[in-house]
Amino acid sequence: MEFVKQYLIPRLVQYFLVMFVGITAVFILPRLAPSDPVERTITQLRSQGSYLDPGTMDEFIEDLTEMYGLGGSWLEQYGAFWQRLFHADFGVSFFQFPTPVNELIRTALPWTAALLLTTTVISWVGGNLVGGLAGYFNRKRWSKALDSVVMIIRPLPYYIMSFALLLLFAYVVRWFPVSGGTDIGRRAAFNWPFIKDVLRHAFLPALSLVILGGAIWFQTMKLIVQNVNAEAFVQYAKLGGVKEGRIVSRYVIRNAMLPQITGLALALGQIFSGALITEIVFSYPGLGTLLYNAIITGDYNLIMGITVISIVAITTAVLLIDLLYPLFDPRVRYA
Amino acid sequence: MRKTFFTVWIVLVVASLILAACGTPEVVEKPVEVTRVVVETQIVEGAPVEVTKIVKEVVTQEVVVTATPEPKEEAPDVLGLPRNEMFIAGQLTGRVGTPSNFNEWVGWKWRDRGMQNLANEPLWSVDFATGQIVPGLAAGDAVYNADFTEVTIPLRQGVAWDDGTPFTSADVVFTIETLIKYEGLNSHNFMVDNVVSVTAPDDYTVVFKLKQSNSRFHTTFLDRWGSTWIMPKHIFETVADPVTFEFNPFVGTGPYKLHSFDPNGYWTIWEKRADWDKSPTGIIFGEPKPKYVVFQAFANEGAKILAQLTHQLDAVDLSAEGLKAALAQGDTNRAYQPTFPWVVNNDPALTGLTFNTAKAPYDNPDVRWALLLAIDIVEYEGQAVDGTGTLSPVHVPSLGSYPADYIEPMQQWLSDFTLDLGNGETFKPYDTDAPKRLVVYVKDRGYVVSEEAVMVAKTFGLGWYKYAPDVAAKLLEKNGFSKDADGKWLLPDGTPWRIEVMSRSDMSHLEFKNAAAAVQQWKKFGIDAAHVPSDNVSALTGNGEFDVAGNWPAQEPWGAGADLYRVLDYYNSAYIEPVGTLTKAHTSRWSTPEMDDVIKRLRETDPANTAEVIAIGTEGLKLLVKEMPGIPTFGYIGFVSWDQTYWTNWPGSENPYNQPYTHWGPFKYMTPFLEPTGN
Numbered sequence: 000m001e002f003v004k005q006y007l008i009p010r011l012v013q014y015f016l017v018m019f020v021g022i023t024a025v026f027i028l029p030r031l032a033p034s035d036p037v038e039r040t041i042t043q044l045r046s047q048g049s050y051l052d053p054g055t056m057d058e059f060i061e062d063l064t065e066m067y068g069l070g071g072s073w074l075e076q077y078g079a080f081w082q083r084l085f086h087a088d089f090g091v092s093f094f095q096f097p098t099p100v101n102e103l104i105r106t107a108l109p110w111t112a113a114l115l116l117t118t119t120v121i122s123w124v125g126g127n128l129v130g131g132l133a134g135y136f137n138r139k140r141w142s143k144a145l146d147s148v149v150m151i152i153r154p155l156p157y158y159i160m161s162f163a164l165l166l167l168f169a170y171v172v173r174w175f176p177v178s179g180g181t182d183i184g185r186r187a188a189f190n191w192p193f194i195k196d197v198l199r200h201a202f203l204p205a206l207s208l209v210i211l212g213g214a215i216w217f218q219t220m221k222l223i224v225q226n227v228n229a230e231a232f233v234q235y236a237k238l239g240g241v242k243e244g245r246i247v248s249r250y251v252i253r254n255a256m257l258p259q260i261t262g263l264a265l266a267l268g269q270i271f272s273g274a275l276i277t278e279i280v281f282s283y284p285g286l287g288t289l290l291y292n293a294i295i296t297g298d299y300n301l302i303m304g305i306t307v308i309s310i311v312a313i314t315t316a317v318l319l320i321d322l323l324y325p326l327f328d329p330r331v332r333y334a
Numbered sequence: 000m001r002k003t004f005f006t007v008w009i010v011l012v013v014a015s016l017i018l019a020a021c022g023t024p025e026v027v028e029k030p031v032e033v034t035r036v037v038v039e040t041q042i043v044e045g046a047p048v049e050v051t052k053i054v055k056e057v058v059t060q061e062v063v064v065t066a067t068p069e070p071k072e073e074a075p076d077v078l079g080l081p082r083n084e085m086f087i088a089g090q091l092t093g094r095v096g097t098p099s100n101f102n103e104w105v106g107w108k109w110r111d112r113g114m115q116n117l118a119n120e121p122l123w124s125v126d127f128a129t130g131q132i133v134p135g136l137a138a139g140d141a142v143y144n145a146d147f148t149e150v151t152i153p154l155r156q157g158v159a160w161d162d163g164t165p166f167t168s169a170d171v172v173f174t175i176e177t178l179i180k181y182e183g184l185n186s187h188n189f190m191v192d193n194v195v196s197v198t199a200p201d202d203y204t205v206v207f208k209l210k211q212s213n214s215r216f217h218t219t220f221l222d223r224w225g226s227t228w229i230m231p232k233h234i235f236e237t238v239a240d241p242v243t244f245e246f247n248p249f250v251g252t253g254p255y256k257l258h259s260f261d262p263n264g265y266w267t268i269w270e271k272r273a274d275w276d277k278s279p280t281g282i283i284f285g286e287p288k289p290k291y292v293v294f295q296a297f298a299n300e301g302a303k304i305l306a307q308l309t310h311q312l313d314a315v316d317l318s319a320e321g322l323k324a325a326l327a328q329g330d331t332n333r334a335y336q337p338t339f340p341w342v343v344n345n346d347p348a349l350t351g352l353t354f355n356t357a358k359a360p361y362d363n364p365d366v367r368w369a370l371l372l373a374i375d376i377v378e379y380e381g382q383a384v385d386g387t388g389t390l391s392p393v394h395v396p397s398l399g400s401y402p403a404d405y406i407e408p409m410q411q412w413l414s415d416f417t418l419d420l421g422n423g424e425t426f427k428p429y430d431t432d433a434p435k436r437l438v439v440y441v442k443d444r445g446y447v448v449s450e451e452a453v454m455v456a457k458t459f460g461l462g463w464y465k466y467a468p469d470v471a472a473k474l475l476e477k478n479g480f481s482k483d484a485d486g487k488w489l490l491p492d493g494t495p496w497r498i499e500v501m502s503r504s505d506m507s508h509l510e511f512k513n514a515a516a517a518v519q520q521w522k523k524f525g526i527d528a529a530h531v532p533s534d535n536v537s538a539l540t541g542n543g544e545f546d547v548a549g550n551w552p553a554q555e556p557w558g559a560g561a562d563l564y565r566v567l568d569y570y571n572s573a574y575i576e577p578v579g580t581l582t583k584a585h586t587s588r589w590s591t592p593e594m595d596d597v598i599k600r601l602r603e604t605d606p607a608n609t610a611e612v613i614a615i616g617t618e619g620l621k622l623l624v625k626e627m628p629g630i631p632t633f634g635y636i637g638f639v640s641w642d643q644t645y646w647t648n649w650p651g652s653e654n655p656y657n658q659p660y661t662h663w664g665p666f667k668y669m670t671p672f673l674e675p676t677g678n
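From first to last, the protein sequence lines stand for chains A and B. Here numbering that gives the first Met the number 0 is used: the first residue of the first sequence is 0, the next is one more, and so on. Here numbering that gives the first Met the number 0 is used: the first residue of the second sequence is 0, the next is one more, and so on.
What the hints contain is simulated information worked out from the structure, not anything from laboratory work. Incorrect hints may appear among the rest.
Covered stretches of chain B (chain A as the covering partner; in silico rule of three or more C-beta atoms under 8 Å from a C-beta of chain A) [to be verified]:
{"no.": "1", "region": "260-267"}
{"no.": "2", "region": "421-432"}
As a list, the in silico SDA-like pairs of lysine to any residue whose alpha-carbon atoms are at most 25 Å apart [stated by the list, open to error]:
{"no.": "3", "chain 1": "B", "residue 1": "180", "chain 2": "A", "residue 2": "44"}
{"no.": "4", "chain 1": "B", "residue 1": "522", "chain 2": "B", "residue 2": "436"}
{"no.": "5", "chain 1": "B", "residue 1": "180", "chain 2": "A", "residue 2": "136"}
{"no.": "6", "chain 1": "B", "residue 1": "208", "chain 2": "A", "residue 2": "162"}
{"no.": "7", "chain 1": "B", "residue 1": "599", "chain 2": "A", "residue 2": "98"}
{"no.": "8", "chain 1": "B", "residue 1": "210", "chain 2": "A", "residue 2": "55"}
{"no.": "9", "chain 1": "B", "residue 1": "358", "chain 2": "A", "residue 2": "56"}
{"no.": "10", "chain 1": "B", "residue 1": "323", "chain 2": "A", "residue 2": "162"}
{"no.": "11", "chain 1": "B", "residue 1": "180", "chain 2": "A", "residue 2": "98"}
{"no.": "12", "chain 1": "A", "residue 1": "237", "chain 2": "A", "residue 2": "98"}
{"no.": "13", "chain 1": "B", "residue 1": "210", "chain 2": "A", "residue 2": "98"}
From a predicted model like this one, the values you see are computed outputs, not experimental measurements. Where a beta carbon is used, it is the ideal one built from N, C-alpha and C, also for glycine.
With the hints as constraints, model all of the structure from the sequences given.
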């Protein structure tokens, strides 16, 4: 009961409050930006070569404002927004009118989720495991060699590193495709040729993310382990004759994992913002370019759709990690 | 030691990759068979008649080859579709945001994915390379009554939609009536404002009665990267709401029909119709050669180049740097021109700079002229596009018929044009030697160019303006500007003069390049100039929130015919909105009563009356030179790269039978002339 009162309820209140404030901010901020969706539609049509009759522009602006549901005050729009939100409806995209935002997200999300969930977990597990061992055995030659490789990879701009992978594997040796989520003409189906095609296209984007993510987790874990390794309780354990395997797994790695678990939760929550540069380099489908285009075109509904999902995912991840933390760290156990 | 080893290894890998991308192209001459579309004038029953002929001939061409041979490969199938019967083009406007929606009457639908350029036919199309207006669904010119309140359009017979339904005047009537009925359709307001009624006296004639005199009404159906398209009545009449209707599958009158598309918007495949001879393309030009045409989007230029070097992309638009890389590395690649400057330089658009004339001090023509004279156009163009652009001193590009119709006849006037510097001093700014100075620049850069007057005029233009910073200073001083102790210019009120030059943020775009070059020139002149790239530039310039912008200094002309109404009407004072509201006019927000008069007279003139159209258009161009609301620099440059592995007989500069882009409407008219290589 004490746990519910002192721990669970405050966090649930905080959870809903953060979501409410975040979603409200997402409603207000795009409207403060100097980017009006109706104007953007008109300038986009013009910049794409369309000739819009200047004599009928006023009527065109009125029609678009009405179609986009941007008539009325902000307060009226805000009320309508929450009404729609409770029905999980984000309205239609302005930039991709009249496609519903839900449909756009539904198409892009599986690509982003599959790619980033997989690569985040692989790079987290791999980076922490190897980083932990390299930190503990930091005087070994293999540890120093690994550290040198990571020192080279880590500062490389991600765009350059991922494009170098594309150049090497798609052009020089031609093992993987240059672009896209599937081959031209491939229709989605639950069969092996489709799955194989998707995996082949996802390999290079995934590899680039795993290399970069793995390098980051490796470095942080190695540093944390080196610090933990110097703690008195580890030294006592060594002096006390505790087996090295037990010291590594129970004494060092377990303590070093705590901030990494928090980091994993946040990284998983951020998946829903997409991986813009990965999508650009590999012409890969996903939420990143969808969100980027929504921002630069002032597509309020689409911005709200993606960021609301992202806000819910991150706050939920933080809540879950808060609730699960006592399982990993006895020092924060209540009751 | 180990770190040093890894560093050296990485440097070697990167260096080898860079070296691999830096082959030096070699130019050789060889005989090549080309197909040309020739328009000949023949005398039929005593009257001259233009006849279109398709001829094949062998010509000697300069061809760029590289030292790196590409290994021969079997043409791989693409999911069962034969690659050597497939034409793959890069999609200019990028990934399709509405992959399943083909309703191009509502908003923007990425119609260069094959809708406007392949599977649909307009009433007429502009082909800027030939200067022709090609009748597609129309059988001839629009015919107006004497006061331009009624127009009759003859329609082509023998055309069918790709589902087999015949195309008739009922489709046109239905389209106009639907556009009038539904708000939200793109042309709704235009039709409401212009059309009283539309009727079909027979299956192949439509008659429009107009609300007011409008001699250019028919141009709404003229495809110049977009037009009012005709709906298939038999499909749209069954739809409850044509605004939300997805129109999937797409049904058109072009020679190709929809095969499939990527739900993520990266590719669209079109298949040649079995009844291609029922499309205007087939009727006029014959059978298209590729069985399939794919439009594929890439999210970055590197991927486009890699796709082309691996023969997975036949035609693509690149940046200046991308084109150089593709030509250097691909032994089967070619550009629009076989030799320097390689680029497409006959695109009917003019680049340059636009002043915000609603804002001081750019509301003063002396200031605008001073800023022009502070530009050394050779340095400017060298920095912007390495000397590959065609200069224009007036507000139409120096291409197609515009030099003959306007720029050449204006030479004397331009030479005589005089600026008043104050204190009785005058200055004639026009410089016929500017193109020759560009020739010197490009030769210094190591490029081979012809110095024949005709070729210089074609490649570099007929003239521009002198570099005269001393004269610019006098014009500014005449208006109260001064310099501080450091030689920096001050505004008339004594405060430092800072110019922000706005452009798109895409560094490869010509708006960015113009803005960057202008900033360098004006800094050299002593002005605190800064380049401000923005993704929101269209809205900011449209609302008048800028000083100077690197955007087009004038609305693009049609690209065929002499009529400049499309250019000049954008300076109509009726369309100008106050700063803070999106302008309907040109972003310079410039107009004068004299220009309004020119526009009015042009509107009342039959566009077919070429002599009168040119005379009035010339008056408009002179007003623009005098007032200089925007600085015209060089014509739009297209960086097209073609891979000749599977297809050849491209409409290059030596054989311009069609405009060269795959994203323009007349691409469909290129398809019968593409030749498979047999690979």
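Checked hints:
Counting residues of the region 260-267 of chain B whose beta carbon lies closer than 8 Å to any beta carbon of chain A gives 6, which reaches the threshold of three, so the coverage claim holds. With 0 residues having a Cβ less than 8 Å from any Cβ of chain A, the region 421-432 of chain B misses the three-residue criterion, and the hint is violated. This hinted pair checks out: residue 180/B and residue 44/A have alpha carbons roughly 22 Å apart, not beyond 25 Å. Only pairs whose Cα atoms come within 25 Å are accepted, and residue 522/B paired with residue 436/B is accepted, the gap being roughly 22 Å.
Between residue 180/B and residue 136/A the alpha-carbon distance is near 77 Å, which puts this suggested pair outside the 25 Å criterion. Restraint check: the Cα-Cα separation between residue 208/B and residue 162/A comes to about 58 Å, which exceeds 25 Å; the hinted pair is violated. Straight-line distance between C-alpha atoms of residue 599/B and residue 98/A comes to about 41 Å, which puts the hinted pair past the 25 Å bound. Distance hint between residue 210/B and residue 55/A is fulfilled; the C-alpha atoms sit about 14 Å from each other, no more than 25 Å.
The straight-line distance between the Cα atoms of residue 358/B and residue 56/A is roughly 23 Å, inside the 25 Å bound, and the hint therefore holds. Of the pairs offered as hints, the one joining residue 323/B and residue 162/A holds, with about 19 Å between alpha carbons and a cut-off of 25 Å not exceeded. Note on residue 180/B and residue 98/A: the hinted pairing holds, with a Cα-Cα distance of about 22 Å set against a maximum of 25 Å. Annotation: proposed proximity of residue 237/A to residue 98/A is violated, straight-line Cα distance about 64 Å (limit 25 Å).
For the given pair, residue 210/B sits about 35 Å from residue 98/A by alpha-carbon distance, which is inconsistent with the 25 Å threshold.
The structure fails hints 2, 5, 6, 7, 12, 13 (numbered hints given earlier, in ascending order).
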